[in-house]
Structure formats: structure tokens, C-alpha cells
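**Q** Here is what each chain is made of, one letter per residue.
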Amino acid sequence: MSQEYHTRQTLLYKLIDSNDEKSWDDFVKYYEGYIYVVIRSLGVKQDVAEDLLQDVLVKVWKSLPNYEYREGVCTFRTWLCLVIKSTVYNFFRKKSTRNDNKNVDYDATLHSLDNITEPEINKIAELEWKSYISNMAWENVKDEFSEQSRKIFEASVHEESNQALADKFDVSTGAVRVYKSRVKKVLLREISRLNSELGG
Amino acid sequence: MSRIEEGFDKKFADFFDELDELDEMPLLDTIASIKTRYCDFEYVDEGGIKVIKTCRDLKTGRVVAMASLKKDASDQEKEAFLKEARLTAALQHPNIIPLHDLGLKGRHPWFTMKFISGSSLEKILGEIQKGNSIYQSDLSDRLDVFIKVCDAIAYAHSRGVLHLDIKPDNIQISEYGDVLVCDWGLARVMAAECDEELLECFTFNPKDTNLTLDGVVKGTPGYMAPEQTSLVKVKKGVHTDIFSLGCVLYKILCFRKPFVGDDILRLMEKTATCDFRKPTEIEPSIPLSLEAVCLKAMSLDPKDRYESVVKLQKEILNYRKGFATNAENATLLKIMGLWIKRHRAISIATIMLVFISLFAASFAINNLKLEKINALQLAEKMSIEKEFHIKINKEAAPRFYERAQIAFNSYNFDDAVNFSDSAVELDPTLKEAWRLKGILHLIYQQFGAAIQALEENGDSPKQKKIAEDFYKIKSDDDIPLSLPQFLELFNRGIKDKQYAIVGGLIHYKAYADITLKERIDFCKGVIVAHNNYVRLINHKDKQLNFSYDKSTRDLNVSNNPWVQTALILQNFPARSANLSHTGISNFICFRNQPLRSLDVSNTEIIELNTLENYDLLRLNLAHTSVSNLTRLRDMSLRVLDISHSSVRSKGVLKDLKSLERLTIHKGQFDVEELRKYLPDTKIIVVP
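The listed protein sequences derive, respectively, from chains A and P.
In terms of the numbering used here, the first sequence has 166 at position 105, counting the first letter as 1, and numbering is strictly consecutive.
In terms of the numbering used here, the second sequence has 425 at position 421, counting the first letter as 1, and numbering is strictly consecutive.
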């Protein structure tokens, strides 16, 4: 959609064109969490992931000027995920050569990284983005709701049956439907807003 | 501290997928950005010339049904198609299919209407008969459907529109019981009764015969009225639809078409004589009162049918409420029987009362006289109303005449006939309309009617003389003139300088449904007659060269220098035509010919504006004075000869990318330069 395309372009151009602190901070604010979840999804442990996040950010900072938007070929997210992958990969390769004795764990990670092709990176990029944006949206809006409706909604994500939810929270099924639908409406609106603001 | 992302629930990603694409953008922008409104086409059904598909309307976000014409539709068919759409749009009723939008894709018209998810009455009845469905299996439910159909048709009639193709196939019933009457493709406007704006849809059927252009019977055999077969000559009207409604009722009652036959002719014969089995003969359990309604609606003589759909509908409603229907001429006993059914509880006491009343009734006979007086008064009132009606409509007559004149000037004779008929019907004092009607009858070779009309006009002695002279030759208006007689009439028109008649006769013949042999004979005769004055001056001994090869469909009329007009060749089924070395000066004679190849070299043609054969692949313009080729841009010519023509500019030539061969004469162009523009074209230079 043209609108989406437009937003993405302006956000990135702002980053690429101006090397100022402000827009970099913006970028970090928006994308830090996303980069983190992608790193984690590549099979990296929590303690290492924090370090790697910093590495990736540095690398992005350096190579952003080289990024060229090509519609349909390489979206920003895919590019970002490729940067993440190569950073993670390099990190583990260094570790594994440096520490010959204790590298079993790293080797396994390396091996699984080797198997990730570009289309798969694409998939991960998309999947993590959806999850990231949706979760962020939930973080943003969940305080607007009463504890009851928040809890019912969170439970409803994993429990399809309204009856089961009604029994669990001791309310009527009608109430469950109302809670779900109200919260969902707000959540979807927030997801939509975030998605277009962060530039898909 | 662990990052909040650690607590993320991947299940939430599902919500992202629920975002509709449209939701991401404000609707305001979404709708503004829509370029192609309809997408996701899916084939549903097709008829003779129409195709129905479903598609998604991006602007409203709903699924609609789109009707469009098949690719090879003629302009006339397109016009009829658009008129159908306009007419459907004018009919706004809960039981008539609503039309949403209408437009053109290039030159191809389409319209969208409500998409009904359900099935036709035909299908539903079939399923019930097979025992597959219990939906609508109760007669009372089916009568409900019928009553709604009556509603729709009664409304259409009130707007001055006849459907003329009512049948269970054209009645759609949605899953939730909506009943919609569809397919107004054969509908006609009753000009004297419809609203002003519906006049533009008037006479959309090309002819007042029952055959469509492709020779298919109009209306659906099995449900059509006797007057819709060509065997019975009665004007179509409200009674025609009432007959078809009777047939639908018949089908609802006994699951069969009233008319069946092995072949179409037999079927037509049966329809024309109203030869069908009574419903109770097929299924004895059918209520007699309903059978009576059915039989009355399906009377052979329109006068015996119901006067209006409302009256027919009233009878069904009466039946449903448990009253006797008028059609069964109920006896007192029957009425009492029904009454007892309705009011079982108090009936016994009342039977006593009835006997007492019967006794009293003899006194009431006196009252009948009073009723008679009432009836007379009513009749008087009706006649006053009718007069008033005529007075109002009189003022509309000149408008009808105007439309008739426009139709006549564009050679749309059938419309012209209908409009002039209506004009004189509304105002018999309108002299000009009578004259036009007279001329039209002359063109249709109906001399009896022509004399009558010209008599009313009283101021066209020449035309009237022609009509009278030819009435002596042929007095039956229903048969056409023979070829020699036709040519005589044609020559007479030329001699008397009646060019409207001459032009009319040519056009009428060229576009008539005639056999190839007849067409060739007429073409030869008319070309000679039309150009005779030139021939007599300096080509006296020349015969007409005219040949047509049926298998290759090559028409050759070349080497007739005295032929200046060949208009009769319009609509000739030739694929290639050669009129080189003739005196023709425009392309009008090639109209409606399915030409792929055309040779007009060595003619008097000077420009291409009248060339309308867009499917041409080969064109020879050698030795003509044509200088401007702009017209050829719209075609995909493969072979072109412009040698010794007046073409000197490369402008348009550059755009003719589909050219495989181009012939020019020496010195006409810089050949090398031309090759640069047309690298794939073989350029032949003749001396």
C-alpha cells in the first residue's frame, strides 16, 4: 500500500540522511526490542543476546548509509534481519575458534544458523515483527482496562471456548464475549497505529 | 533485570493477521486510492450474449454480480444491453433485482447488481420434485413466492414496463427467503404509460417479431404466451405477462411446464393453441380453486385472462385466506363449505340462519336493479377518466414524433415505427407523424397501411401515389415484394426523387434477415439500379462485375468504373472485399461487413474517416487520393499498400508497429529512414 511505503521511506530516509542523535535515538527506541526478539529467535541465550543487541546496533549505525531500499526485493526488515544474522554468526564463529574446548554449545548454534536461508530470514523477520508489534501494542493499551477484562482477554488468547473462560472467571459467556471484543478492538487499533508508525 | 520482550506472547501475532488491509489506512484514503473498483471475478453463468460473474467491489467491500457482454457483441447489442440496465435501474422494488452500477470497460458495457446467494425457483422446484429438499415443499410457501412475484410484476406494470420473460429460472430466492425477479433483457416499455425518463428505453427489441437477431425465439418456450409465438397475431401487453404468471403458477402446482414438445415447432404450435393438460389431470390433489385461477390466467384469448396482475394476486390471496376464488365460479354450497372450514365453531348455528336468509333473499332480488344503476354510473366515471388520460397524453405526442424522426434519420426504423405509432395514437391530428409513418410503411412495403397513414397526412401526393400504385401490385401487407417488384419500387423512388424512401429501402434490405442468395441478388439489382444514370451516360454496354465465393467469403465488385454508390453492400458477410477500379468515394458501403481484407485501389476515395472496419488486416489504398492515415492507428493492419496515394507523411506510419508488409512507390519516402522506424516490416518499393 502506498501509505505504508511512504511512511517507511520517510522514517528510513530521515535516518539515512541525517546522522543526528535524535533520529538515531528514535530508531533505537523503536527497533531495539525487535532486534532483541529476532536475536532470541535465532536460538541465542538471554545473557548473550543483550551483548549481541549492542553489536547489532553498532553495525546498523555503521552500515545504514549503504542500505538501499529496493521495493519487493529487500525490505528494511529483511535487511535488518540479515545484518542481525551475520552479526550473530560472526560472534559465534569467533567464540568457537577462540575457545576450542568449550565450544560445543556454540557449534550447535552456528550449525543451526548455517541452515537459515534468506527466505527463512524473511519469514522470521515477518513473524517476529507481527509478534513484536502486537505485544508492544498490548503493553501500550493494557492499562486502559480493568484487571478483570485484562485477565480474561489474556486467557482468551490461549483458550478458545467462551464457556471455559466464563467458568474460570465466574462470569457469563455473554460477558466474556463483550470483554474480548472490546479489548480486541482497542488492541487492533493500536497494532495498526504502531505498525504504520514504525513503518512496516 | 530481564527485558520485557522476554514476557512476549507469540500468540499475540495472530491479532496482527486480523488487521484487514483496509483497516491500516483510513477509509478516506483507501477509497480515494482505488483505481480498479472490481476484482476477484468468478464465473457464474452465461446466456446468449451475456456473461454473469461475481466480483468484489473494493469501494463498498461487498460481493456483487456483474453482467457483461461477450466479446463479439455488436453495437446494437451493446445498446440493448445498456437499455436493459437503465430499465432495471428504473425499477426499484423489494422483489426486483437491484442494479448497483453501470459502466464501460473500453467500449464494452457492464453493469453490477445484487448478488443473490440462493437458487432459482426452477432449481428449488426441481429439488422438491426429486424429494431432495423440504424447503418450500409446502404449497402455501410456494404460493408466498408467487404472491411476491406478482407484487414485482404489478409494480413494473404500474411503471409501464412489461417483463415478457417470466419463468421460474428468472425468479431467484435467497437463502433467507427474499424473492427477486431478474433478467429484464426482453422487457419492453409501454410508451403510452411509462414515465418520461423511461422513454429512452422504449422498443428495445430490434423488431416487433419474436425472433432475436440470431434467430432464437424471444421468450422462453414453455412459459411464453400464445401471442409471443409468431403464430398468433395479438399485440403484447399486460396480458402477456399474466399468461406467463399463469404458467409459473402451473409449474408451482404440478412441477411441470405447461407446454412440452419434442421440437420447437411443435412446442410453438401447442403454445399458440393453448394446448396443455389441466393441472388436476397431472396431480388430482391440486386444489380446484387454484387450478381455476391458473386456467383463467392462461386463457388463449387475452380478454378472458385477468385484467391485471393485482386481480390475479388477489385470487391467490383469497385462496390462502380460505375464500373461494372468483375463477372457479363458486357455488353457494362451495362458499358455505369454505366458510364452515373457517368458522367451524359457530357454523352449525349459522347453517340454520342461512336457511332463513335464503328465504329472505327472494326479497333482495329487487335490489339488483339498484346495482345495475350503480354499474352504469361507474362506467360513466371510467369513460371520463379515460378522456382525461387522452388529453394529458396528447401533449406528449410531439415528443414522440421528435424521437421517431431522430430514429428515422439514424436508420433505426423499428424505433421510428414504434415512436410514430405512439405519436399518432396519442394525437391523431399530428400530420407530420402520419407522413413519417406512411414513409416507414412504404419502406416496410406495407402499402395498405401506407395509404391509410398518408391519407391521414393528406399532404404527400407523390408518396401516396407510389403507395397506391404498389398496392395494386401487392395488397397483402404481410408479404414482402419480390426482387423485380422491389427494384421497381426502388427505381420509382429514384425517379420521383424520394430519397428518404430510396435510402430507407437500401438500409432496410441490407439489414434484413435474408438468405445469402437473396442478398446477392438484391445487391446486384440495387447496385445497377442505383448507378444506372451514370451507366447510361458513358458506360452503356458495361455489365456489372459481381462475384462472391461462399467458401473463401471473397467479394469481388472490381472494375465497375460506373459504380459510384454501393450502399446495399452494407452488412454483407464478406471477409474480403475488392472494389478496386470503381467510382466509390467513401467506406460507408463496407459498414458491418466482417472484413479482414479490403482493396479500394484506383477509386475516388480521398479520406479514411468513414472507415469503420476495425478488424481489417490487409488494406490496399494504391492509386487513391488518401493522404492522412490517422484512422489506421486504431487497427492492427498487417499488410498495407499506399503506393501512388497522396500519403507523404511518415507520422502515422511510424506507429503501425504490427505491419508486416508495406508497399510504397519509388520516391515516396526515404526508404532507409522508414526502415529505422519499422525494423520488422518488409518494405516493398514499386516503380
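Among the hints, erroneous ones may be present.
[Unchecked claim] Here are the computed lysine to any residue pairs in the SDA-like style, where the Cα-Cα straight-line distance is at most 25 Å: (1) P:14 to A:102; (2) P:14 to A:255; (3) P:14 to A:154; (4) A:212 to P:13; (5) P:240 to P:198.
No lab work stands behind these hints, which were simulated from the structure alone.
**Q** State for each hint whether it applies.
**A** Going through the hints against the structure:
About 11 Å separates the Cα atoms of residue 14 of chain P and residue 102 of chain A, which keeps this hinted pair within 25 Å; it holds. Our distance criterion of 25 Å between C-alpha atoms is met by residue 14 of chain P and residue 255 of chain A, whose separation comes to about 17 Å. For a cut-off of 25 Å, the pair hint linking residue 14 of chain P to residue 154 of chain A is broken: about 29 Å separates their Cα positions. Among the hinted pairs, residue 212 of chain A with residue 13 of chain P is consistent with the structure: their alpha-carbon atoms are about 14 Å apart, no more than 25 Å.
With a CA separation close to 15 Å, the supplied pair residue 240 of chain P and residue 198 of chain P stays within the 25 Å bound.
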